[in-house]
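K.L.:
Generate coordinates for the entire structure from the input sequences, incorporating the hints supplied.
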Amino acid sequence: MGDREVDQQLVVRAQQGDKRAFELLVTKYQRKLGRLLSRLVRDPAEVEDVTQEAFIKAYRALPSFRGDSAFYTWLYRIAINTAKNYLVAMGRRAPTSTGFDHEDAESFEEAEQLRDAATPEGELLGKQIAATVNRAMDQLPEDLRTAITLREIEGLSYEEIATVMNCPIGTVRSRIFRAREAIAAELRPLLGTDENRRW
Amino acid sequence: MNENISRLMDGELDDAELQSVLSGLKQPAGVATWACYHAIGEALRQQVHFGAYALGVAPRLAERLAAEPTVLAPRRVALERTATWAWAAAATIAAAGIVGWTALSLVDDTPAAMAKAGEAGTLRAAQVRPAPSVPSDYLVAHQEYSPATALQVVGPYLRAAAVQVGDARP
Chain C
1 MGDREVDQQL
11 VVRAQQGDKR
21 AFELLVTKYQ
31 RKLGRLLSRL
41 VRDPAEVEDV
51 TQEAFIKAYR
61 ALPSFRGDSA
71 FYTWLYRIAI
81 NTAKNYLVAM
91 GRRAPTSTGF
101 DHEDAESFEE
111 AEQLRDAATP
121 EGELLGKQIA
131 ATVNRAMDQL
141 PEDLRTAITL
151 REIEGLSYEE
161 IATVMNCPIG
171 TVRSRIFRAR
181 EAIAAELRPL
191 LGTDENRRW
Chain Z
1001 MNENISRLMD
1011 GELDDAELQS
1021 VLSGLKQPAG
1031 VATWACYHAI
1041 GEALRQQVHF
1051 GAYALGVAPR
1061 LAERLAAEPT
1071 VLAPRRVALE
1081 RTATWAWAAA
1091 ATIAAAGIVG
1101 WTALSLVDDT
1111 PAAMAKAGEA
1121 GTLRAAQVRP
1131 APSVPSDYLV
1141 AHQEYSPATA
1151 LQVVGPYLRA
1161 AAVQVGDARP
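Top to bottom, those sequences are chains C and Z.
For the first sequence, the numbering used here begins at 1 and goes up steadily by one.
For the second sequence, the numbering used here begins at 1001 and goes up steadily by one.
Treat the hints as calculated values from the structure; they're not laboratory data.
One or more hints might be untrue.
Label-pair restraints from in silico Cβ distances [unchecked claim]:
| hint | chain 1 | residue 1 | chain 2 | residue 2 | range |
| --- | --- | --- | --- | --- | --- |
| 1 | Z | S1023 | C | M90 | 40 to 50 Å |
| 2 | Z | T1092 | C | R77 | 35 to 45 Å |
| 3 | Z | A1094 | C | M90 | 58 to 68 Å |
| 4 | C | R77 | Z | A1095 | 36 to 46 Å |
| 5 | Z | A1091 | C | S157 | 37 to 47 Å |
| 6 | C | E160 | Z | S1023 | 23 to 33 Å |
| 7 | C | G17 | Z | R1060 | 16 to 26 Å |
| 8 | C | R77 | Z | A1103 | 54 to 64 Å |
| 9 | C | M165 | Z | A1091 | 48 to 58 Å |
| 10 | C | P63 | Z | V1099 | 33 to 43 Å |
| 11 | Z | M1001 | C | P168 | 15 to 25 Å |
| 12 | C | G2 | Z | I1093 | 37 to 47 Å |
Computed list of lysine-lysine pairs in BS3-like fashion (alpha-carbon distance at most 30 Å, straight line) [what the hints assert, rightly or not]:
| hint | chain 1 | residue 1 | chain 2 | residue 2 |
| --- | --- | --- | --- | --- |
| 13 | C | K19 | C | K84 |
| 14 | Z | K1026 | C | K57 |
| 15 | C | K57 | C | K84 |
| 16 | C | K19 | Z | K1026 |
Coverage of chain C stretches by chain Z, computed from C-beta distances (three or more under 8 Å per stretch; other residues unrestricted) [unchecked claim]:
| hint | region |
| --- | --- |
| 17 | 20–32 |
| 18 | 177–191 |
For every residue, glycine included, the Cβ atom is placed at its ideal position computed from N, Cα and C.
P.N.:
Structure (structure tokens):
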């Protein structure tokens, strides 16, 4: 089961009335969508408004989502249209092109260009998250660091990582999980994401 | 549970495990882990967003979502595929049934029916046979109007002609 199938499962559950499933999709994609919308709407507060509006529209339109495209691609189209409508309503000219197509939307990573859309608090938090994760990575044992790197940065499957690292898939699964838990232990105090608290 | 969330993120869960993990993700602890693991991945890929809102569902969005009527959509894709296949099969079976039933209902092979059919054939032959009082030269003269010939339509316009072929060859 790939990433798209995981999203599809969550969409199906949301379509059956499970709002928490949709919230998991929001949690997964709201930052990615915010980055994309920052190219259209520069003001951070407006980016947040448009992002939220896009998710609400997507939720209302869930019954019409048939799974012909990836959920994020569908969400992306809704978000772009929402942003354009917002700009028109505000008396600003909506760009005729977003400068990148749907495929680019999947891998858009131009964080440097987006700094001017950040609040000072947001920028500080982002830097702290990056520094904490990098520090935690440096403290990981070599096998855990390699496994999580191959997965998160290189995008390899467990089977491919097992081949590269010459170990069973079960070992790969365990290493990636342990790496995530070790980093999460450093990150949770910063995020205020106590496991026993909903935020 | 967290290990299964990790596998879910990587798309490495099978369908049987998926249901239990998604149920577990309804708990706040599961949602927190889900959000934290995604944040780690984004940081490693240098995709940290410097936006203003938190890593979880923003409170204002959570409130708006809570106020939305619950979506209840039918399982459209699965149903449509099943329905298309089922309707096609049902239509085929129905068509074959109607044709077969019609054909069988027209065939009456009881002895009484066979006897009737034989009798009808004899009667028809007798009706077609010309009356003995009609002279044969009359029949010959009017043969072109007989339905037995395929040339019935063009028969009246046909004329016999004889052409002498000369030595046209060089």
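K.L.:
Look at each hint and say if it fits the structure.
P.N.:
Do the hints match the structure? See the list:
Between S1023(Z) and M90(C) the Cβ separation comes to about 43 Å, which falls inside the hinted range of 40 to 50 Å. At about 39 Å, the CB distance of T1092(Z) to R77(C) agrees with the hint of 35 to 45 Å. For the pair A1094(Z) and M90(C), the beta carbons lie near 59 Å from each other, so the given range of 58 to 68 Å is met. Checking the proposed 36 to 46 Å range against R77(C) and A1095(Z) shows it holds: the Cβ atoms sit about 42 Å from each other.
Separation of A1091(Z) from S157(C) is about 43 Å and conforms to the stated range, judged on CB atoms against 37 to 47 Å. At roughly 30 Å, the beta carbons of E160(C) and S1023(Z) sit within the given window of 23 to 33 Å. Between G17(C) and R1060(Z) the Cβ separation comes to about 22 Å, which falls inside the hinted range of 16 to 26 Å. Taking 54 to 64 Å as the suggested C-beta distance range, the pair R77(C) and A1103(Z) conforms, at roughly 55 Å.
Separated by about 55 Å at the C-beta atoms, M165(C) and A1091(Z) satisfy the suggested range of 48 to 58 Å. At about 41 Å, the beta-carbon gap between P63(C) and V1099(Z) stays in the expected band of 33 to 43 Å. Look at M1001(Z) against P168(C): about 22 Å separates their beta carbons, and that is inside 15 to 25 Å. A C-beta distance of roughly 38 Å is found between G2(C) and I1093(Z), which places it inside the suggested range of 37 to 47 Å.
For the given pair, K19(C) sits about 27 Å from K84(C) by alpha-carbon distance, which is consistent with the 30 Å threshold. Using a Cα cut-off of 30 Å, the hinted pair K1026(Z) and K57(C) holds, with the two alpha carbons roughly 23 Å apart. A threshold of 30 Å between alpha carbons decides the hint, and for K57(C) with K84(C) the separation of about 14 Å falls inside it, so the pair holds. A hinted pair counts as satisfied when its Cα atoms are at most 30 Å apart, and K19(C) with K1026(Z) qualifies at roughly 10 Å.
Given as covered by chain Z, the region 20–32 of chain C passes the check, having 11 residues with a CB less than 8 Å from a CB of that chain where 3 are the minimum. Judged by the Cβ-Cβ criterion of 8 Å, the region 177–191 of chain C is covered by chain Z as claimed, because 8 of its residues qualify and three suffice.
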